[in-house]
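> Sequence:
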Amino acid sequence: MRRSWIKRKSKDPKKQAVNKLDTYFSKMIRDRDANLPCISCGAVGRQIDAGHFRPRGHMSTRWDYKNVNGQCVKCNRFESKGYEYSLGLDARWGKGTADALHKLSLKMKSWELKELEQLIDASKKGYIIYKQFYDQISH
421 MRRSWIKRKS KDPKKQAVNK LDTYFSKMIR DRDANLPCIS CGAVGRQIDA
471 GHFRPRGHMS TRWDYKNVNG QCVKCNRFES KGYEYSLGLD ARWGKGTADA
521 LHKLSLKMKS WELKELEQLI DASKKGYIIY KQFYDQISH
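Using the numbering used here, read the sequence shown as starting at 421 and increasing by one per residue.
Simulated from the structure, these hints should not be mistaken for laboratory data. One should not assume that every hint holds.
With beta-carbon atoms standing in for the labels, derived distance ranges [to be verified]:
#1 515 x 436: 34 to 42 Å
#2 533 x 503: 15 to 23 Å
#3 456 x 430: 18 to 26 Å
#4 522 x 555: 32 to 40 Å
#5 502 x 436: 28 to 36 Å
#6 555 x 519: 13 to 21 Å
#7 512 x 549: 30 to 38 Å
#8 465 x 507: 27 to 35 Å
#9 537 x 463: 20 to 28 Å
#10 545 x 476: 31 to 39 Å
#11 516 x 455: 33 to 41 Å
Heads up, simulated DSS-like pairs for lysine-lysine below, C-alpha to C-alpha not over 27 Å straight-line [to be verified]:
#12 529 x 501
#13 435 x 486
#14 486 x 501
#15 515 x 529
#16 534 x 501
#17 486 x 431
#18 486 x 523
#19 515 x 435
#20 534 x 494
#21 434 x 501
#22 501 x 523
#23 515 x 534
#24 431 x 447
#25 494 x 515
#26 447 x 494
#27 440 x 534
#28 515 x 440
#29 534 x 434
Note that CB positions come from ideal geometry on N, CA and C, so glycine has one too.
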């Protein structure tokens, strides 16, 4: 029997919500940072990704709007610039942001389906609404 390499959609509602939130959140971050330089190298005018400081596997920071910033494709996909990213974080969000995100990422977080759906709705409405809602539920 041959395996198909076609990616199948999950029937699990929580996994579907995670995938949907990833899509809307990434777009929101790219829109927010469209006119800002790359968080890692400072390049301007390049195509940007929504680059994570702490990897997406850390659920406690996966959708934290400070953890994900506009990062040029070169830095995000091909170069590991964790140190430079941390400097950019502290410059953009305030001294100690990189350290705080690192500590937060070490905490376990299990998102409920309802929370994921609320974050999806907030991300569809734009960064300001998302930020307000995220700050309410994460504190």
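> Now tell me, hint by hint, if it's right for this structure.
Here is how each hint holds up against the structure:
1. Range check, residue 515 to residue 436: about 39 Å between beta-carbon atoms, so the 34 to 42 Å window is met.
2. Taken as a hint, the range 15 to 23 Å is violated for the pair residue 533 and residue 503, whose Cβ atoms sit roughly 37 Å apart.
3. The given range of 18 to 26 Å is broken by residue 456 and residue 430, whose C-beta atoms sit roughly 34 Å from each other.
4. Taking 32 to 40 Å as the suggested C-beta distance range, the pair residue 522 and residue 555 does not conform, at roughly 19 Å.
5. Look at residue 502 against residue 436: about 31 Å separates their beta carbons, and that is inside 28 to 36 Å.
6. Distance hint for residue 555 and residue 519: a CB-CB separation of about 19 Å, consistent with the stated range 13 to 21 Å.
7. Between residue 512 and residue 549 the C-beta distance comes to about 20 Å, which lies outside the given range of 30 to 38 Å.
8. The hint said 27 to 35 Å for the Cβ distance between residue 465 and residue 507, and at roughly 21 Å that hint is violated.
9. Between residue 537 and residue 463 the C-beta distance comes to about 36 Å, which lies outside the given range of 20 to 28 Å.
10. Between residue 545 and residue 476 the C-beta distance comes to about 22 Å, which lies outside the given range of 31 to 39 Å.
11. Roughly 26 Å separates the CB atoms of residue 516 and residue 455, a value that falls outside the hinted 33 to 41 Å.
12. Distance restraint check for residue 529 and residue 501: the Cα-Cα separation of roughly 26 Å lies within the 27 Å cut-off, and the hinted pair is therefore satisfied.
13. For the hint linking residue 435 to residue 486, the alpha-carbon distance of about 23 Å falls within 27 Å, and the restraint holds.
14. Our distance criterion of 27 Å between C-alpha atoms is met by residue 486 and residue 501, whose separation comes to about 17 Å.
15. The suggested pairing of residue 515 with residue 529 holds, with an alpha-carbon distance near 25 Å, which does not exceed 27 Å.
16. At roughly 35 Å between alpha-carbon atoms, residue 534 and residue 501 are farther apart than 27 Å, so this suggested pair is violated.
17. Proximity of residue 486 to residue 431 is assessed by CA-CA distance (about 31 Å); at most 27 Å being required, the pair is judged violated.
18. The hinted pair formed by residue 486 and residue 523 meets the criterion: a straight-line CA distance of about 13 Å does not exceed 27 Å.
19. The suggested pairing of residue 515 with residue 435 is violated, with an alpha-carbon distance near 35 Å, which exceeds 27 Å.
20. For the given pair, residue 534 sits about 35 Å from residue 494 by alpha-carbon distance, which is inconsistent with the 27 Å threshold.
21. For the proposed pair residue 434 and residue 501, the alpha carbon gap of about 32 Å is over 27 Å, so the pair is violated.
22. Annotation: proposed proximity of residue 501 to residue 523 holds, straight-line Cα distance about 19 Å (limit 27 Å).
23. The suggested pairing of residue 515 with residue 534 is violated, with an alpha-carbon distance near 33 Å, which exceeds 27 Å.
24. At roughly 24 Å between alpha-carbon atoms, residue 431 and residue 447 fall within 27 Å of each other, so this suggested pair holds.
25. A C-alpha spacing of about 26 Å is found between residue 494 and residue 515, which places the hinted pair at or below 27 Å, so the restraint holds.
26. For the suggested pair residue 447 and residue 494, the alpha carbons sit about 18 Å apart, so the restraint of at most 27 Å is met.
27. Under the criterion of a C-alpha separation no larger than 27 Å, the hint pairing residue 440 with residue 534 is consistent with the structure, at around 13 Å.
28. Distance check on the hinted pair: residue 515 and residue 440 sit about 32 Å apart at the alpha-carbon level, beyond 27 Å; violated.
29. Among the hinted pairs, residue 534 with residue 434 is consistent with the structure: their alpha-carbon atoms are about 9 Å apart, no more than 27 Å.
Checked against the numbered hints given earlier, this structure breaks hints 2, 3, 4, 7, 8, 9, 10, 11, 16, 17, 19, 20, 21, 23 and 28; the rest are met.
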